[in-house]
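Chain residues, written in single-letter form:
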Amino acid sequence: MAKRVGIEVSIAIAEAVKLAQAEVVAAYPITPQTHIVEHLSELVADGELDAEFIPVESEHAALSTCCGSVAAGARTYTATSSQGLMLMSEVLYVASGMRLPIVMTVANRALSAPISIWNDHQDIMTQRDCGWIQTFAENGQEAVDLTLHAFRVAEDRKVSLPMIVNIDGFTLSHVIEPIELPDQADVDRYLPPFKPKYKLDPKKPISMGPVGIPEVYTEARMAHDQAIKNAKRWIIKAWDEFEEVFGRRYNPVEEYRTEDAEIVLVTMGSISETAMTAVDKMRDEGKKVGLLKIRLWRPFPGPEFRKAAKGAKVLAVVDRTLAPGASSGPVGEELRTVFYKVPGAPKIFNFIAGLGGRDVTVERFEEMVDKAASYAKKRPKELYEVIGVREK
Amino acid sequence: MIPELEKFKGFSAKRLPKEEGLASGHRGCQGCGEVLALRMVMKALGKDVIVCSATGCMEIITSPYPQSAWNVPWIHVAFENAAAVASGVESALKVLRRKGKLPKKHIDVVAVGGDGATGDIGLQWISGAFERGHDMVYVCLDNEAYMNTGVQRSGCTPYGAMTTTSPPGKKSIGQVTWKKNIPQIMVAHNIPYVATASPAYYLDLMNKIKKAAMVNGPAYVHIYSPCPTGWGSRGEKSVEYARLAVETKVFPLYEVIEGKYIVSRKITKPKPVSEYLKGQRRFRHLTEENIAYIQKRVDEEYEKILRLAELT
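Chains A and B, in that order, give the protein sequences.
Numbered per our numbering, the first sequence spans residues 1292 to 1683.
Numbered per our numbering, the second sequence spans residues 27 to 338.
Calculated from the structure, these hints are not laboratory results.
There could be a bad hint or two in this list.
What the hints assert, rightly or not - Derived EDC-like pairs (lysine to aspartate or glutamate); straight-line CA-CA distance at most 20 Å:
id	chain 1	residue 1	chain 2	residue 2
1	B	K125	A	D1337
2	B	K127	A	E1339
3	A	K1494	B	D74
4	B	K127	A	D1447
5	A	K1495	B	E45
6	B	K35	B	D74
All chains should be modelled from the sequences, with the hints used to inform the complete structure.
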């Protein structure tokens, strides 16, 4: 029987990687990702996980090493955050372009300057277009489940793409939660051994990572785009199978009290839990407010989102990223595109909140809903607004 | 002596391996000394090998999709990280073998990079891989500048050389710094095997690659690689320049086995460096005074190697 234990989310993620029987883990320490890789190194040192733990000299080397190990046929995992993700950036694009199914946890954290170790989504949003499948976890249980799901999807020969599971730094990574750790037998049933279609093998030599001359480059990029779009089907199927084995259900877009909702908040990651509390409070007060939580960020589930938002008059979209000089935040922009010229589309307002560890409280969600309601009547000058700015 | 090398048997000119890890028909320049050296490296390594290439001349000339000159498994990820990619490959082979998912048979893991990929942009990745002790061979094919991007200076460009970013002018003689000593940096990592080699001494080169592959742990071979395009030398002279660099003591051939220096070819009657410098457009602006300085410094550097050989 799977046991429910009180456990730090980072430790639980490491346990999930152990349950997935990762064979190579290459990582470089960065706050707030450290507890994940520390625990993995312990599991390897204690012989509980038969893997090579490679304590590399930088995040760039971490992901480069992962490219080598997965290309040679080993199940491969890494984790990073913030500046580390930025340092990896070059290799992120190479890994996905080469269709190397690496699984990575990103403990989301703000970017310098000023330097901040606290949580927001600015790190991952710089890598929005890196071509990896990306999901967001809302709590510790989801972090564990999405980690197992990531191995299942990434390594599927029909997908063969790397995958990032985003977890909010500190807010998730460093809290102790009651989490059900699955049984090994169930995980083995869910996750078959890694058997890549192509690998580095002297018996069957192939060349990986060749030069893309102008005659082939466009097609290669297009094939990548098609691959990640086609992957959505297998991502959802792997969630169907997850429910069959483990009894928990996941969807690309999660709905919360959206029935007859006129104003719908849109969130990603751990603030969704506070948003649910805020929605409950506003519902108690008779306000027709609901919540949509984006779980699958790349490929973006446009049709699923439109379906989930059906009937909503206003969307209050929360971005945890400030894109200086842009028209709005990345999630706001995405949804404006998804609803562009769609008949009966809701009005979309974009709020930037929770930067560099600032809490997004129930009151802040109420403020966003109120503002969105008033902006629906009178259009604001700007397409986005920063919420929770100190007056003094 | 390292136990792995006890069974070492050198190659002979009469019985060179017929196998070619690297096929002809690639897009190297005429007279390329680098691809010549790489061919010898691959011949010495045989079939059971996985090659991790850094971005650079050797990567682009061998892999314009849908063509490939590689008869062995080959991977290219980026410019600076071939040693990290090789770390990953080596670790994967280790764990898969341990778990019974791969046969026990040994596969050599080799990283290949130019002087820029090795001594400048990629130094940290190699340092990390060597410090961790991965069983790999790192081969640096040193053509003394960024040739792939159009002959810009690197840390390995020799003193006085003209490149597109070290042009000689009224206030400069060209490259103003002395060539960075990469093999010595590798020796400082206390790895079991470091060597320098030249395609003009092909048996010596192949034997060193074979030894590098035989030792357990990291091994490094630094190969002098004439580049007619970048040096402004004649294509048919590449092997000659490779030999002259050794005979003039500009590029000493040696091995460092577990910290012990062994000079491969002691130059007792050296030719003057001017013989090596002449005929290369990159050096033609140098004055007699410049050449005298280079001669003095070359002699001193060579002397250091001899002294290290005595000391160790």
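Legend entry - Proposed proximity, E45/B with K1495/A (alpha carbon, max 20 Å): Between K1495/A and E45/B the Cα gap is close to 16 Å, so the pair holds against 20 Å.
Inset, instruction - Take a quick look at whether K127/B and D1447/A sit within 20 Å of each other, Cα to Cα. - result: 19 Å, holds
Inset, instruction - Would you mind confirming whether the straight-line C-alpha gap from K125/B to D1337/A stays at or under 20 Å? - result: 17 Å, holds
Inset, instruction - Compare the distance between the alpha carbons of K1494/A and D74/B with 20 Å, and conclude whether the hinted pair is satisfied. - result: 8 Å, holds
Inset, instruction - Given the hint that K35/B pairs with D74/B, test it: the Cα-Cα distance must not exceed 20 Å. - result: It holds: about 18 Å lies between the C-alpha atoms, which stays within 20 Å.
Legend entry - Given hint E1339/A paired with K127/B - CA-CA distance at most 20 Å: 19 Å, holds
Taken one by one, the earlier hints all hold for this structure without exception.
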